[in-house]
Every structure is written in structure tokens, then in C-alpha cells.
Amino acid sequence: MAHKIAILGASGYTGAELVRLISQHPGLEIVALSADRKAGMEMAQVFPHLRHLALPTLCKINEIDFSQVDLCFCALPHKTSQQVISALPDTLKIVDLSADFRLRDPADYEAWYGNPHAAPELQKEAVYGLTEFYRAEIAAARLVAGTGCNAAAGQFALRPLIAAGVIDLDDIILDLKCAVSGAGRSLKEGLLHAELSEGYNAYAVGGSHRHLGEFDQEFSTIAGRPVQIQFTPHLMPANRGILATAYVKGDAQEIYSTFAAAYADEPFLDLLPFGEVPSTHHVRGSNFCHIGVSADRIEGRTIIIAALDNLTKGSSGQALQNANLMLGEDETTGLMMAPLFP
Numbered sequence: 004m005a006h007k008i009a010i011l012g013a014s015g016y017t018g019a020e021l022v023r024l025i026s027q028h029p030g031l032e033i034v035a036l037s038a039d040r041k042a043g044m045e046m047a048q049v050f051p052h053l054r055h056l057a058l059p060t061l062c063k064i065n066e067i068d069f070s071q072v073d074l075c076f077c078a079l080p081h082k083t084s085q086q087v088i089s090a091l092p093d094t095l096k097i098v099d100l101s102a103d104f105r106l107r108d109p110a111d112y113e114a115w116y117g118n119p120h121a122a123p124e125l126q127k128e129a130v131y132g133l134t135e136f137y138r139a140e141i142a143a144a145r146l147v148a149g150t151g152c153n154a155a156a157g158q159f160a161l162r163p164l165i166a167a168g169v170i171d172l173d174d175i176i177l178d179l180k181c182a183v184s185g186a187g188r189s190l191k192e193g194l195l196h197a198e199l200s201e202g203y204n205a206y207a208v209g210g211s212h213r214h215l216g217e218f219d220q221e222f223s224t225i226a227g228r229p230v231q232i233q234f235t236p237h238l239m240p241a242n243r244g245i246l247a248t249a250y251v252k253g254d255a256q257e258i259y260s261t262f263a264a265a266y267a268d269e270p271f272l273d274l275l276p277f278g279e280v281p282s283t284h285h286v287r288g289s290n291f292c293h294i295g296v297s298a299d300r301i302e303g304r305t306i307i308i309a310a311l312d313n314l315t316k317g318s319s320g321q322a323l324q325n326a327n328l329m330l331g332e333d334e335t336t337g338l339m340m341a342p343l344f345p
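Position in the sequence shown (from 1) plus 3 gives the number in the working numbering.
Check before you lean on any hint, since a few could be wrong.
Result set (DSSO-like, lysine-lysine): computed pairs, CA atoms no more than 27 Å apart in a straight line [as the list claims (entries may be wrong)]:
id, residue 1, residue 2
1, K127, K82
2, K82, K96
3, K96, K7
4, K41, K191
5, K96, K63
6, K63, K191
7, K41, K127
8, K82, K7
9, K7, K63
10, K82, K191
11, K82, K63
12, K63, K41
Just so you know, these hints were derived from the structure itself, not from any lab.
Please put together the full structure from these sequences, using the hints given.
As C-alpha cells, this is what we get:
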């Protein structure tokens, strides 16, 4: 019998991506879809590309009978998510795609997001949802906190190297480009086609980007000492994709061998031949992350580039990967689709 699934916030990009992925999953059935302003509408009206699917009508969250739900994806904005999840049954399995439960220390959450956490007990319970590094904890969890898409890309490019101690931990630069869907579906003047296309820009310059909280938490934990990276994100005029370029001090061949050992058995993390570089074109619409390693012309320096789809591996695909573990399904089910090209 299929597991019964609810998606809260189904009218956003990550909600639509979850529907697309789950529609190909033989072990999951969507029984409830919520939206706020679009409650009462059909998904085909909100997302015409999903009109071929038989889906529940969008409704308000309080109209859902959660006793009939096995797992709930929460694709709501941060601050809203913690309030909603606090009111859900404490036996319900939940994968949260917001930022509300990613940071373990409530003081860190308040520092990065500007308000006290409204559900600190749930925050203690949540497992960080970077699947490849927290499998056992995720499989046993009730509440999983999906990572930020930028944070996922950066960690796939750096985490094994920090854990192995093969790079200088005090000299890490991460330059990242993210497609516009990473900013969500809400109307914003700066995201209008006339203002975004034919150029791209840096934002949150100097260390104010909230995903730095995740980098600080995760990198410092695995290093056993404080680790802070230089990180600058850029908004690029593309619909999907993240390209993360890391500049590090360390031997390129040793770094490549470290990745080869760490990711040898990972179904979604593809290490390219040495010297090849990935492109967002080659992972679009998929749950794969491509990683390239190249030696720099300056001896002792290495460049690592990671590419993933921010809506799939960076968010909804990773959420489904986590849900598969939580529900006892094969981790890759519903996620082995080939990327879209061109």
C-alpha cells in the first residue's frame, strides 16, 4: 500500500517540484495539497504543466485530516513553518523545506533570522537533511530539516575535504551563482525579466547570507574547531541551477582522491574526470550533483566546482530522498530521472 503524503505550500516552486517527483514514485500517493491564497483552486490552474495528474484540490491547512497522512512535506516560508509544524500531530513524519530547523542552536537561529525561535523543542529534535552525511539519523527521524540549496552545493564541494584535513581551513573561498527560482515565486521588482535578464549581480556581500549559518555549523562540527569561509552568492538570469566554485589551498590530486573515496558509492554525487568542469545544463531537472576538480596554475591551490539543480537536489529532490529513508523506501526511488538537455 502506498504511503499517504501531504504537501503544505504546494503553490510554490518547491511544492510543484515535489508533485512532479512524487507523481513518478510507485510507493507514494499525494492525498492533500495546501495553499493559502490559492485554496480552492486546482493544481492545473496554478501549474498547467501538472494538468495530466489527478491531484487533490488545493485547500487550507486546517482542512487536512492528518490522521490519514503518513508523511508531510512542509514547503512554507521560514517563521511560518515553525508555527505550522508546532500544531501538527507529534506522531506525523515531517520533512521541512524551510530554514526553520536547520540550525541546532536557537541563539544561532535568532542571530541569522532576526527573531527568537518559536519551537525550540522541535528544533532540538530536528535532523539536518543533508542525506549523504546523515543517513542513519534521517532514517530514524520524525522531523528532518532540509538544507538550503546554496548550503547543499557548498557542502558537497567542501565537506569531505574539511573532514579529511586535506585543505587549509583558514583559506576557503566559495563563489556561488544561483538561478532566480531560488528566490521563490513571490512577486519582487528586482526579479522582473527587464531587471534581471542580460546581467547578473552579487548579493549579501561580506558575510550576511543566511546560509552561512549552515556552513559555520556544519564545517566547524566536522573540523572540531571554528571554520569560517568567505562566501559570495550571485543571482544569475536562469530559471534553475547552482554553480558553486570553491578556491582552496591543497594538493589537487589528493583532493581528487579524497572526493573519489568519499563519493564512490553515492548514487547522486558524480565526480567528473580530473580536470573536467561541470555545467548547470547537465544536471537540470535532476537529483544529480556534478563535481569537478582542477589544479590551479599557482602551485598548491585547487579549484572545485559543483553544479546542481536548486529545485531538485538543492531542495525538493533532496527532500524526497530523505522521505524515502524515513518511510523505509529505497533511497533512489522516484529520483533517477535523467537531466533535461538542452
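Structure-based check of each hint:
1. Of the pairs offered as hints, the one joining K127 and K82 holds, with about 16 Å between alpha carbons and a cut-off of 27 Å not exceeded.
2. Proposed proximity of K82 and K96 is supported: the alpha carbons are some 19 Å apart, at most 27 Å.
3. At roughly 11 Å between alpha-carbon atoms, K96 and K7 fall within 27 Å of each other, so this suggested pair holds.
4. Taking the CA atoms of K41 and K191, the gap is near 19 Å; set against the 27 Å cutoff, the hint holds.
5. Taking the CA atoms of K96 and K63, the gap is near 19 Å; set against the 27 Å cutoff, the hint holds.
6. A hinted pair counts as satisfied when its Cα atoms are at most 27 Å apart, and K63 with K191 qualifies at roughly 25 Å.
7. Taking the CA atoms of K41 and K127, the gap is near 33 Å; set against the 27 Å cutoff, the hint is violated.
8. Straight-line distance between C-alpha atoms of K82 and K7 comes to about 26 Å, which keeps the hinted pair within the 27 Å bound.
9. Between K7 and K63, the direct Cα distance comes to roughly 18 Å. Compliance with the 27 Å bound is thereby established for this hinted pair.
10. A C-alpha spacing of about 19 Å is found between K82 and K191, which places the hinted pair at or below 27 Å, so the restraint holds.
11. About 18 Å separates the Cα atoms of K82 and K63, which keeps this hinted pair within 27 Å; it holds.
12. Note on K63 and K41: the hinted pairing holds, with a Cα-Cα distance of about 9 Å set against a maximum of 27 Å.
Comparing the model with each earlier hint shows a violation of hint 7 alone; every other hint is respected.
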